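Trainee: Chain by chain, the residues:
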Amino acid sequence: MKSLPLVWFGALALAACSHPAPEAPAAAKLAPAASVAKATSEPAQAKTLPAFTPPAEADIPTGPLGDEIRRGMAIFTDTPEHAHDYVGNGLSCSNCHLDAGRLANSAPLWGAWGVYPQYRKKNGRVNSFGERLQGCFRFSMNGKAPPLDSDVIVALQTYAWWMAKGAPAGEKLAGAGYPKQGFKPPQPPDYARGAAVYAKDCALCHGADGQGQQVAGRNVFPPLWGPQSFNWGAGMHELDNAAAFIKANMPLSRGGTLSDQDAWDVAMYMDAHERPQDPRYAGDVAATRAKYHDTPMSLYGTTVNGHLLGSGTAK
Amino acid sequence: MLRILALLALLAPLAAGATDAATSAAKIVKQGNGKGAAPCMACHGVDGGGMEATGYPRLAGLDAAYLQRQLDDFANGTRANPVMQPNASALSEAERAALAKYYSAMPLPARLAKPVAAKPDAAGERLATRGDWSRELPGCVQCHAPGGVGVGANFPPLAGQPAAYIEAQLRAWQQGTRHNDPLALMQHVAKQLTPQEIEAVAGWFAAQPLPRKEGAP
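Chains A and B are the protein sequences, given in the same order. When you read off a place in the first sequence, starting at 1, and then add 151, the result is the number in my numbering. When you read off a place in the second sequence, starting at 1, and then add 6, the result is the number in my numbering.
If you are wondering where the hints come from, they were derived from the structure by calculation, not from laboratory data. A quick note: this is a predicted structure, and the numbers were derived from the prediction, not measured. Treat each hint with caution, since some may be false.
Just the calculated beta-carbon pair ranges, DEER-fashion [said to hold, decoys possible]:
(1) B:A71 <-> A:G368: 20 to 28 Å
(2) B:A59 <-> A:G333: 34 to 42 Å
(3) A:P215 <-> B:G182: 47 to 55 Å
(4) B:A59 <-> A:D210: 38 to 46 Å
(5) B:A111 <-> A:D445: 54 to 62 Å
(6) B:T200 <-> A:P206: 22 to 30 Å
(7) B:T200 <-> A:P268: 38 to 46 Å
(8) A:T408 <-> B:G83: 20 to 28 Å
(9) A:P298 <-> B:A71: 44 to 52 Å
Residues from chain A that keep clear of chain B, each with C-beta distances beyond 10 Å, as calculated [said to hold, decoys possible]:
(10) L216
(11) A225
(12) P268
(13) D300
Just so you have them, the derived chain A footprint on chain B, three or more residues with Cβ under 8 Å [as the list claims (entries may be wrong)]:
(14) 130-142
(15) 146-160
Even glycine gets a Cβ: it sits at the ideal position worked out from N, Cα and C.
Only chain A is shown next, with the shape it has when bound in the complex (with noise of 0.2 Å):
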């Protein structure tokens, strides 16, 4: 999150955060300035990261060890499921960490293993892992934290642990997390060319609507925004980290296939739709964006198309 170029982007954001009534019309638009994100835009990565291979599923262990592993397993790719009582939307771990939370640059859990404990500046502290998959659940799941001690927790954490098994402890490794690193939009990210991305590559799956759909009362394809999708407080609100996931694995098998710009656009569409509260709310939609959200990266607090963003009356 440090160099962010994006002046234009916090012009936009102070824009429509100390004024949220008026109307930032093509709020999307923020058009001034893509000289200056071009001219700060910096070389990618620099040094290798060492790289992981993690060990296959065949070789998950028999036995009770092997079982809560297996149960983790099934935890991140069914959650409603497998963890119902903490999860408030219908989303699993897996819509956002592809392959069962195996794939590089998906935020694969063996990238994160090794990296807990932490310091977060999100809640200012440092966080063990447990705790960083429970922020993941009251957050991204739009759900209430399970207890550290909880089957839930103590479930995914064996299934990251042995995924991870063999990784240099402490190591940020190639492939982990989302590749943001270097990754910024060539032109200023815009909401009418989002619309026009999303009809043309998002919508066949995630629908017009953004709703997803479902067969049998259960997600087939992920809802992007709205009741049933992740908050305001989750990571994927947040225009870098949902634009690098989107050009790496979006559409599904075809990573890579978006243009930079083509995914900057997108991800600023499907973050200008409302989405339930952020659970840290502060009595107010400015406050809130003052405490937690004061950032370009995140259009909370800010007024596109008319709708001030995390004021509710999803649309």
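Given the coordinates of chain A, work out where chain B should sit on it, guided by the hints.
Mentor: Chain B only, in chain A's frame:
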């Protein structure tokens, strides 16, 4: 009373029109359209359930928009098939629409409710359910729904289709003789598959039980 009669008189042609479409679809299914389109049931079965041995696919219960697009694509050559192209071309646009609607409303044949003799093939199951992400291959069920029961107008059911049909389609995607897939998703996926994998994954889906009603558990 007069008003009601007047209303009925107004509605009558509409009702007759709807019935005509249904009759004509049912008639084409049994007898063909007399203009070169053969009776559908000759290959797709009296119950619309297809034929396992020959690999003619099930049509009963499939999404109407999906069926209509396939018929249109056979007619305009986007989907190549020596049997279906002449038949679809001999149908009018209205007849194709009526047939799609007719088959989508057809109940699932009871004989397909239980799976054909299961071919336990671990490789097929793995591809179907988990894919192989080292080749950017998602599990088939990620788009075709768990169990392969299909989703909406663009991801047709695979469960219970004849293995020979699924194999033939995967080969057609691979060779580009079928290229009416949105975003070229199937062409891309099929090109990654070996002949052994095509056989294995087709066998797995053919052996999956069909839910009694499409989309219901």
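Trainee: Given the hint of 54 to 62 Å, is the C-beta distance from A111 of chain B to D445 of chain A inside that range or not?
Mentor: holds (56 Å)
Trainee: Is the Cβ of P268 of chain A more than 10 Å away from each Cβ in chain B?
Mentor: The claim holds: P268 of chain A sits with its nearest Cβ about 29 Å from chain B, beyond 10 Å.
Trainee: Verify the CB-CB distance for T200 of chain B and P206 of chain A against the hinted window 22 to 30 Å.
Mentor: Given a distance of about 24 Å, which is inside 22 to 30 Å, the answer is holds.
Trainee: Would you check chain A against the segment 130-142 of chain B, counting CB to CB pairs closer than 8 Å, and say if three or more residues qualify?
Mentor: Answer holds; 4 residues pass the 8 Å Cβ test.
Trainee: Is it the case that L216 of chain A keeps its Cβ farther than 10 Å from each residue Cβ in chain B?
Mentor: Fine: 21 Å to the nearest Cβ keeps L216 of chain A off the interface.
Trainee: Is the distance from the Cβ of A59 of chain B to the Cβ of D210 of chain A consistent with 38 to 46 Å?
Mentor: 40 Å Cβ-Cβ, so the 38 to 46 Å window holds.
Trainee: Establish whether the coverage given for the segment 146-160 of chain B by chain A is satisfied; the threshold is a Cβ-Cβ distance below 8 Å, and no fewer than three residues must meet it.
Mentor: holds (count 9)
Trainee: Confirm or reject the statement that A225 of chain A sits farther than 10 Å, beta carbon to beta carbon, from all of chain B.
Mentor: holds (13 Å)
Trainee: With 47 to 55 Å as the target window, see if P215 of chain A and G182 of chain B comply at their CB atoms.
Mentor: The hinted range 47 to 55 Å holds for P215 of chain A and G182 of chain B, with Cβ atoms some 50 Å apart.
Trainee: Using the C-beta atoms of T408 of chain A and G83 of chain B, is the stated range 20 to 28 Å upheld?
Mentor: With Cβ atoms ~27 Å apart, the hint holds.
Trainee: Is 38 to 46 Å right for how far apart the beta carbons of T200 of chain B and P268 of chain A are?
Mentor: The hinted range 38 to 46 Å holds for T200 of chain B and P268 of chain A, with Cβ atoms some 45 Å apart.
Trainee: Would you assess whether D300 of chain A, listed as outside the interface, keeps its beta-carbon beyond 10 Å of every beta-carbon in chain B?
Mentor: Holds, because the least Cβ-Cβ distance between D300 of chain A and chain B comes to about 30 Å, which exceeds 10 Å.
Checked against the numbered hints listed earlier, the structure breaks hint 2 alone; every other hint is satisfied.
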